[in-house]
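Chemist: What follows is the residue order along each chain.
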Amino acid sequence: MNAHVDQRGMAIARDDAIAPGEVLLSVKNVSLAFGGVKAISDISFDIRKGEIRAIIGPNGAGKTSMLNVINGFYTPQQGTIVFRGVERRAMKPHHAVRQGIARTFQNVALFKGMSTLDNIMAGRSTLMKRNIGWQMLWHGPALAEEIEHRKAVEEIIDFLEIQHIRRTPVGRLPYGLQKRVELGRALAMEPTLLLLDEPMAGMNLEEKEDMSRFILDVNRQRGTTVALIEHDIGVVMDLSDRVVVLDYGKKIADGTPDEVKNDRAVIDAYLGVSH
Amino acid sequence: MLYRIAGQYKTSYAADHALFPVRQDAWLLGVILLFAFVVFPLTASDFTYQALLIPVLIYSLAALGLNILTGYAGQLSLGTGAFMGVGAYACYKLVSLFPEMNLLVAIALSGFFSAAVGVAFGLPSLRIKGFYLAIATLAAQFFLVWLFQKWRWLTNDNASVAIQVPNIDMFGITVAGPNARSITQYFFVLCVVCLMTWLSINITRGRIGRIWKSVRDMDIAAELVGINLMKAKLSAFFVSSYIVGVAGALFVFLWRGAAEANLFDIPLSFRVLFIAIIGGLGSILGNYLGAILIVALPVIINTVPAAIGITISPSMVEHLNTMSIGALIIGFLIVEPAGLARFWAVIREKLILWPFPH
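These protein sequence lines map, in sequence, to chains A and B. Numbering-wise, the numbering used here puts 74 at position 74 of the first sequence, and it's gapless, one number per residue. Numbering-wise, the numbering used here puts 329 at position 329 of the second sequence, and it's gapless, one number per residue.
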């Protein structure tokens, strides 16, 4: 990978007051219910800066709801979220993005009518500042800004090795590439915390390897903290620094992959247990 | 053979972001502009101006406004006619309250009135989408036309409850009203439309255009990449209604010369919507192609048989018109559902390869 990416990664790390290894985000006693259905009950955990944190659990355990709470899409009934030392419960998703939380989706949520380039550029919407007056004139500051962000986007395109589909409308791309474009769009937001909802769902082994490599590179070169949901336990154990396990909306284990793997409650949750 | 991109390399992002990445497109536009600014004025008759050139331009502009809302931002609207009316009535009031105001300024300001009304009626878009939003904008359509009829102040308490465009001079030349010459009006409209088109192209290809398209393609994802949906939708309503309002002011002041409230009723909204759909939603060029088809074709059907010596009764012409336009619309939508602009894009792709498709 070229040196430029490294510099940018360093710049982001320096901007942040939180040193690697310290708590970046903590979830405190969060409960979320939809009517009578308790999706999440009284969960607490933290995400440290610079780590890859996995959230796993059987279907319906509340993993995606947890991500939705973290990035402000759902407002929990109880509990608080502390991100970069600021406590909050309710916020709009676009504010979460401005604070540095980006995410991808379980089902690819790209802008289908737009090209790969435009999709990733759209990820930088909040970083671009020129108002409609300059936009109307195009030449001058608006174009300068466009080119500046285009450079950043081209770095991401290089990084994800998707140069050949730059101009292709994403609706025409195969699923694996769409997932990659979606990661690119999330990276374009220059997040401090990147939430990945099943980044490897529906992929073959080779695509999974590629995606794992990208996630590790993002984490190491850009210093981005990653929280991911994934069902492929092999991938989770290899990638993540710490794992939190949910089952029926409750936290049943939290620790390093090895600790979690040997945890009785986790084994029971996944394999079932006779009562 | 002439349409080739070989050898046209781009060495900077600025070149890559250019309006015409293919040089031949720029030449084509140059030829079209040459026709619009030089050839038509030299050859056109009064009838051509009034029946063809001016209405095509004005309808294109109205469709462009609607296209920004529906094609780019994905918010369906059936209130275009009424928003045009707001522009027209606002312009009329401005001109009668401040008679010394430059007409260009009055038209530019009247757009802001329709933009404000558009934003107000766009508020439901924050909660509802698709057909349901279309119904909400339909309410705007009915309410505003009713208002034009009942609020006598809008027409200066004139007995006929209609707008009568007075003679308006600009730099010593009469540009609007009964004394204005067609060629002056044509150039006035042409300049305004060219300027508005250029500005619209710039908005739609930059950050704001991407934001609109993101909202159109998937609003939840747009919100989660940090786009403020409220701002995005309302700005689309604002820009769209502004353009539509300007088109409405031109419609009455530079073309019709007089207008009653029911001119802005739902048939006008549908007409503009058809132009945008047939031309191609989410495209700027499409509005012009659509307007040429919908506005110019009836005129051609009217005049061509007479010109080549076939006499058809006027009522027959009328029926033929309706039938052929209907058939053409269906035909075009079957051949190319994404509109004439897409048709042109396909032709371009084929031309680049032609005659060696392999």
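Bear in mind the hints are in silico, worked out from the structure with no lab data behind them. From the three backbone atoms N, C-alpha and C, an ideal C-beta is built for every residue, glycine too. Careful, some of the hints might be misleading.
Unchecked claim - Okay, the calculated beta carbon distance ranges per label pair:
| hint | chain 1 | residue 1 | chain 2 | residue 2 | range |
| --- | --- | --- | --- | --- | --- |
| 1 | B | A296 | A | A201 | 31 to 41 Å |
| 2 | B | F112 | A | E209 | 32 to 42 Å |
| 3 | A | L137 | B | T184 | 48 to 58 Å |
| 4 | B | C194 | A | H95 | 34 to 44 Å |
| 5 | A | Q78 | B | L97 | 51 to 61 Å |
| 6 | B | I135 | A | G234 | 24 to 34 Å |
| 7 | B | A296 | A | P174 | 41 to 51 Å |
| 8 | B | I135 | A | N131 | 41 to 51 Å |
| 9 | B | L297 | A | E209 | 37 to 47 Å |
| 10 | A | A201 | B | F112 | 47 to 57 Å |
Stated by the list, open to error - A partial selection of chain B residues facing chain A, derived with a Cβ cut-off under 10 Å:
| hint | residue |
| --- | --- |
| 11 | H17 |
| 12 | K129 |
| 13 | G130 |
| 14 | G206 |
| 15 | V215 |
Chemist: What are the numbers of the hints the structure violates, in ascending order?
Modeler: As far as the earlier hints go, 1, 2, 3, 6, 8, 9, 12 and 13 are violated by this structure, in ascending order.
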